[in-house]
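*Asks:* This is what each chain is made of:
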Amino acid sequence: MPDGSVPVLEVEGLTTVFRTRSGAVHAVNDVSFDLRAGELLGVVGESGSGKSVTMMSLLGLLPRPPAEVRGGRVSFEGADLLTLGEERLRSVRGGRIGIVFQDPMTSLNPVFTVGFQIMEPLRRHLGMTGAQARNRAAGLLELVGIPDAARRLADFPHQFSGGQRQRVMIAIALACEPKVLIADEPTTALDVTIQAQILELVRDLRRKLGMAIVWITHDLGVIAGIADRVMVMYGGQVVEQAPVRALFADPRHPYTRALLGTVPQLRGRRAGRLRTIEGQPPILRAPPASCPFAPRCAHVTERCRRENPRRRPVAPGHDVACHWSPPGAGDGDG
Amino acid sequence: MLTYTLRRLLTAIPTLIFISLVIFLLLEAAPGDPLADQPLTIPPEVREKMRIALGLGEPVWVRYWKWLVQFVWVEPRVVLDGWLGTGFAAGEARIVSWQFRAPVFDIIWQRIPQTLWVVGMAYLVGVLIAIPIGVYSAVRQYSWFDQIGTFVSMLGFSVPTFFSGVLLIVIFAVNLGWFPSIYDTTLRVTDWDSFVRQVRQMALPIAVLALFNASQISRFMRASMLDNLNQDYVRTARAKGLPERRVVLLHVLRNSLIPVVTVVALGVPTIFGGAIITEQVFKVNGLGQLLITAIYANDLPMVQTLTFIFAILIVLFNLIADILYGLLDPRIRYD
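From first to last, the protein sequence lines are chains A and B. For the first sequence, the working numbering gives the first residue as 1, with consecutive numbering after it. For the second sequence, the working numbering gives the first residue as 335, with consecutive numbering after it.
These aren't lab readings, by the way, just hints derived from the structure by calculation. Even glycine gets a Cβ: it sits at the ideal position worked out from N, Cα and C. Treat the hints with care, since some could be wrong.
Said to hold, decoys possible - Quick list of simulated restraints, FRET-style, between CB atoms:
#1 V192/A to S477/B: 41 to 47 Å
#2 D561/B to G23/A: 23 to 29 Å
#3 G279/A to L661/B: 51 to 57 Å
#4 D561/B to P65/A: 17 to 23 Å
#5 D561/B to E12/A: 54 to 60 Å
#6 P664/B to T188/A: 25 to 31 Å
#7 R311/A to F479/B: 42 to 48 Å
#8 G225/A to R588/B: 37 to 43 Å
#9 G23/A to I666/B: 42 to 48 Å
#10 P664/B to G225/A: 34 to 40 Å
#11 I666/B to G272/A: 48 to 54 Å
Build the full structure now, drawing on both the sequences and the hints.
*Replies:* Next comes the structure, spelled out in structure tokens:
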């Protein structure tokens with residue numbers, strides 16, 4: 001397993017604010033994490049927890065205005081992506097870092113052939129031309145499991161099914177053999193059998209190509225199946241981060257525990273109604289001065305409303321941002 | 335696509351026959367007398383003979399049938415004779431204008447160049463300036479460029495051409511004397527000087543009409559661009575690391591042009607309809623002016639024929655717009 005290897009992507013103190021007509025929204029607050037070579041990092045959280053915005057921020061893919069990356073450092077291949085400049089950042093995007101988005105039905109341009117769209121990054125980043133790009137595009141389509149690849153290059157996106165389109169999106173993201181693949185809820189819009197196929201494909205490609213993957217999702221089942229390490233986000237900040245086994249076996253943050261509690265059990269006695277977390281994730285008008293989860297937390301104390309907890313280590317590779325410790329938890333400074 | 339086109343062309347035939355009948359009957363029902371502007375001293379019996387000489391003595395359906403046959407059978411052969419020097423239509427009766435006592439189509443052929451030069455050019459200029467303005471306004475939404483564009487196009491669209499035309503004449507023809515106020519149809523372009531004169535006399539009417547056309551089309555282009563700029567595939571294009579210029583001018587523009595091309599194609603028949611008011615203001619004797627004088631003079635064959643030509647063009651360009659849509663959007667399949 002890739003534990004202990006060098007980080008390929010290091011994010012420190014990333015902060016993103018949206019300036020809207022009704023005031024600022026603090027979407028990403030002081031997020032730090034790293035991604036090691038060949039590792040699959042799962043990022044989980046509810047809608048609006050800042051998972052996608054964090055990844056879009058570090059790639060410069062948010063529309064500016066209204067988005068504004070206020071601070072932080074994103075080290076990738078010896079450079080800071082936030083200060084790299086538009087031109088060089090573009091050569092990273094789609095070249096060294098590939099991205100797959102949520103909805104494959106709308107993520108491909110309807111008026112260009114699939115071949116054209118796969119060849120675009122090849123031409124741009126690798127300087128390939130004509131037959132060379134075409135061969136590689138056919139190879140990529142084959143790699144992601146689309147039969148009769150060479151002939152299908154001339155087809156338009158509407159001639160592919162949803163699952164196939166997501167395979168095409170993956171082929172585009174992998175075109176230039178990126179070191180990092182960011183997958184933003186890539187299976188959310190697909191039905192479960194197709195989802196399983198895509199997961200299998202990604203697992204397989206990761207073994208073949210050895211890239212590091214950031215997998216954004218709100219599906220804990222998916223995370224349990226493929227991630228090495230998990231980062232839980234809430235209110236635009238990282239609330240817990242742990243190796244996947246540790247997170248599922250020993251969740252420390254009340255939010256993580258609540259999230260795990262919402263997963264319906266297949267075995268054993270049926271628990272009646274589905275469990276939920278009451279309330280809504282916050283829309284932060286100011287940088288959080290208290291714990292953003294406090295209003296929904298079952299273990300809230302006076303201190304949580306006064307002081308936003310900092311991340312503290314509780315076990316090797318496991319840290320949590322919470323003042324509270326579950327009863328019987330071994331270590332940590334409480 | 336070919337079967338679709340053929341099918342559409344075939345179904346157009348009954349449509350057009352019905353339109354021609356409606357036009358004919360409407361004009362028949364309209365009040366007015368083609369001899370109204372003849373002197374009152376003409377005795378009634380002479381007046382009656384003149385009426386019969388114009389063909390008005392026959393029943394409506396006979397006149398309709400004659401006109402239809404002349405339109406679809408005689409006149410096309412006259413055109414053919416003109417091109418090939420043959421004599422297919424020799425000696426056959428053509429549609430004759432009551433006003434000019436000359437074949438309607440000969441007069442139309444004389445008027446088409448003026449209309450195409452002024453109104454057609456204005457349409458072309460309008461489209462050519464509208465598209466970049468629409469694109470830039472959408473990319474820089476709410477910028478000062480966009481705000482000014484919105485204001486000017488609102489102005490261009492809401493100010494009638496008889497006002498903007500006269501305003502331009504007052505400013506540029508009367509006060510500044512840069513351009514002539516009247517379009518001289520007899521001008522022949524033979525050398526550089528006459529070419530410059532032609533351009534100068536076209537400038538004002540084209541400016542008026544192009545402003546009007548560009549106002550509409552640029553709004554349409556802007557709206558279409560804005561629709562597409564927020565699409566997911568644009569984010570994909572950016573995520574591939576493509577330069578912004580390529581993202582906008584290739585990925586977004588290619589999609590945004592689909593509805594705009596359709597609207598532009600549907601607008602082409604209005605060129606041939608001539609800009610009636612603008613042609614009047616600048617004394618361009620094109621098709622619009624021909625139609626309006628024919629209506630005043632109760633020149634029914636001329637009005638019928640012109641109106642029916644416009645109807646044919648509208649049906650034809652509807653078909654062209656549909657075909658273009660199918661060509662531009664791979665998701666549309668007609669077969």
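*Asks:* So, for every hint listed, does it hold in this structure?
*Replies:* So, going through the hints one by one against the coordinates:
| no. | hint | in the structure |
| --- | --- | --- |
| 1 | V192/A to S477/B: 41 to 47 Å | 46 Å, holds |
| 2 | D561/B to G23/A: 23 to 29 Å | 28 Å, holds |
| 3 | G279/A to L661/B: 51 to 57 Å | 53 Å, holds |
| 4 | D561/B to P65/A: 17 to 23 Å | 20 Å, holds |
| 5 | D561/B to E12/A: 54 to 60 Å | 39 Å, violated |
| 6 | P664/B to T188/A: 25 to 31 Å | 27 Å, holds |
| 7 | R311/A to F479/B: 42 to 48 Å | 46 Å, holds |
| 8 | G225/A to R588/B: 37 to 43 Å | 39 Å, holds |
| 9 | G23/A to I666/B: 42 to 48 Å | 44 Å, holds |
| 10 | P664/B to G225/A: 34 to 40 Å | 37 Å, holds |
| 11 | I666/B to G272/A: 48 to 54 Å | 51 Å, holds |
In summary, the structure is inconsistent with hint 5 from the numbered list given earlier, while agreeing with all the others.
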